[in-house]
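S.K.: Residues per chain are reported as follows:
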Amino acid sequence: MSPENVIWLLLWGTLVGIDLVSVPQMMIARPLVAGAGAGLLVGDVEMGLRLGVVLELFQFDVLPVGAARYPEYGPATVAAVVLAHGIDGASATGVGVGLALVLAMVGGLSLHGVRTLNARAVRQWAEQLEAGDPQTLTRLHLAGMLRDLARALSVTAFSLAVAWLAIRLGAATLPAPLLVATSVAVCGAALATGGMGLLRLVGRGSNLKWLAAGITAGLVLAWLA
Amino acid sequence: MAGVKPPLGAAFLRLLTLQSSWNYDRMIGIGMGVAEEPLLRDLRSEGNNGAYRAAVARGARFFNSHPYLAGLAVGATARAEHEGMPPERIERLRAALIGPLGSLGDRLVWAGWLPLLAGAALSAVALGAGWIAVAAFLVIYNVGHLTLRWWALRAGWRAGSDVTGALRNPALQGALVLVGPAMAVAVGCALPLVTRWVAVPWPGKPALVMLAVAALGVGALRLRPRLFTGPRLGLAAFAVAILVGALWH
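Sequences listed follow chains A and B, in order.
Using the numbering used here, the letters of the first sequence correspond one by one to residues 1 to 225.
Using the numbering used here, the letters of the second sequence correspond one by one to residues 1 to 249.
The hints are simulated quantities; they were obtained by calculation from the structure and are not laboratory data.
Be a bit skeptical, because a hint or two may be false.
[Stated by the list, open to error] Keeping only pairs whose Cα atoms sit at most 25 Å apart, straight-line, the calculated SDA-like set for lysine to any residue is: (1) A:Lys209 x B:Lys5; (2) B:Lys5 x A:Ala90; (3) A:Lys209 x B:Lys205; (4) A:Lys209 x B:Asp106; (5) A:Lys209 x B:Gln173; (6) B:Lys5 x B:Val177; (7) A:Lys209 x B:Leu176; (8) A:Lys209 x B:Arg158; (9) B:Lys205 x A:Ile215; (10) B:Lys205 x A:Ala225; (11) B:Lys205 x A:Ile87; (12) A:Lys209 x B:Arg107; (13) B:Lys205 x A:Pro175; (14) A:Lys209 x B:Gly174; (15) B:Lys205 x B:Gly219; (16) B:Lys5 x B:Asp106; (17) A:Lys209 x B:Glu88; (18) A:Lys209 x B:Val179; (19) A:Lys209 x B:Ser161; (20) B:Lys205 x A:Ala90; (21) B:Lys205 x A:Asp133; (22) B:Lys5 x A:Asp133; (23) A:Lys209 x B:Leu172; (24) B:Lys205 x A:Asp88; (25) A:Lys209 x B:Ser103; (26) B:Lys5 x B:Trp150; (27) A:Lys209 x B:Arg196; (28) A:Lys209 x B:Leu178; (29) B:Lys205 x A:Pro177.
[What the hints assert, rightly or not] Now the stretches of chain A that chain B is said to cover, found in silico as 3 or more residues with beta-carbon under 8 Å: (30) 3-13; (31) 94-101.
Think of the CB as a built atom: it goes at the ideal place given N, C-alpha and C, for glycine as much as any other residue.
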């Protein structure tokens, strides 16, 4: 991978990272989008989509309400695509997703860290805020944005470094049975997580019958396709 | 009020950065204050710097709601400040909006519009649409997203303290009625299609094993929800698979 490619991946991962919470929340951070983008950048859209779809199922488990803490799948998906592309073949899905799950937890921790730092800054400038000083207000907001930018950049750089290291340490030479076994396992876990997440979204009310109708339509389409 | 031309465009752009300073003390309060500030500048130009500063301070206090609907509170409280509503009533107005805006936004967007389109995009990818499905997801989602944000800000400014009336908007209520069933159909349809699509490289026994892992996973998530989150389940399955794969090898 060329240095130019690494820079583009770093930029993409950072953009994906700040989109999650800070700006502009346009859902670039969804694994499906992050994966497709990373796939385009490494020249392997198929792999990007494959990892994006599997990690999107894990994302269905997340409902970002209130002060909820959740894993950050965006930059993790970018790194997973790099690793899986380095291994090559659909059977690299398992190793890619395995790495992404760990990195997503690291990303979640970093979000908590930034929020804690933001809270500390707010406390430090509370007097000026209560005096209605617009400069302080803007400065605090911009500082928060910069913190998240630095966080997203660091998480992406760390994630890409881990993916690169895994390739250097011989991830591409892993035996085929192990690659298939991990892929089958994580895809099964993703389907379970996605399915349970969807059930939670749909709830126990009248939407259940619509869910059943959707599943029926999906089964028919899957059979016809 | 008739002569006031609010800089809604500036407030709207700032609303896009609403959560940049999210923190555990004031949640989105700082972002709310930043978004509201351009709408309060007229208070300053009227030579009333004290009123402006007090309004800025109030605007930046604790607040939490769905980010896409926070504009309703920004517009409504800014309007109330211009109308000279007593500070304690403005505080009460803000506090009263937290629950409804959060609940409405969560139902409409996080549990409606977003999974509806994500489900449709997953189905389209599984049916072979490729990256175009992803691009279409982004475009369609954001048309709805930005429209909702802009509507919220304008509706809040127009309604002022009567902002609860804006929440009864027929289009909004209609969308709420429709989005739940549409989301259920979309995500329901996506599940079998994605299951088939991810299993394509491993037909036969591995696909059956994948379904078995999925069934076991549903059981684990349902029976031990505190122990098993999605990522933990995925990592547990991954670890077991490494052992099995090593033995198989």
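S.K.: Next step is simple, just say for each hint if it's right about the structure.
M.R.: Going through the hints against the structure:
no.	hint	in the structure
1	A:Lys209 x B:Lys5	violated (48 Å)
2	B:Lys5 x A:Ala90	violated (57 Å)
3	A:Lys209 x B:Lys205	violated (32 Å)
4	A:Lys209 x B:Asp106	holds (21 Å)
5	A:Lys209 x B:Gln173	holds (21 Å)
6	B:Lys5 x B:Val177	violated (35 Å)
7	A:Lys209 x B:Leu176	holds (17 Å)
8	A:Lys209 x B:Arg158	violated (39 Å)
9	B:Lys205 x A:Ile215	holds (23 Å)
10	B:Lys205 x A:Ala225	holds (21 Å)
11	B:Lys205 x A:Ile87	holds (23 Å)
12	A:Lys209 x B:Arg107	holds (18 Å)
13	B:Lys205 x A:Pro175	holds (18 Å)
14	A:Lys209 x B:Gly174	holds (20 Å)
15	B:Lys205 x B:Gly219	holds (21 Å)
16	B:Lys5 x B:Asp106	violated (31 Å)
17	A:Lys209 x B:Glu88	violated (47 Å)
18	A:Lys209 x B:Val179	holds (14 Å)
19	A:Lys209 x B:Ser161	violated (40 Å)
20	B:Lys205 x A:Ala90	holds (16 Å)
21	B:Lys205 x A:Asp133	violated (66 Å)
22	B:Lys5 x A:Asp133	holds (23 Å)
23	A:Lys209 x B:Leu172	holds (23 Å)
24	B:Lys205 x A:Asp88	holds (22 Å)
25	A:Lys209 x B:Ser103	holds (23 Å)
26	B:Lys5 x B:Trp150	holds (16 Å)
27	A:Lys209 x B:Arg196	holds (22 Å)
28	A:Lys209 x B:Leu178	holds (14 Å)
29	B:Lys205 x A:Pro177	holds (13 Å)
30	3-13	violated (count 0)
31	94-101	holds (count 4)
Of the numbered hints listed earlier, those contradicted by the structure are 1, 2, 3, 6, 8, 16, 17, 19, 21 and 30.
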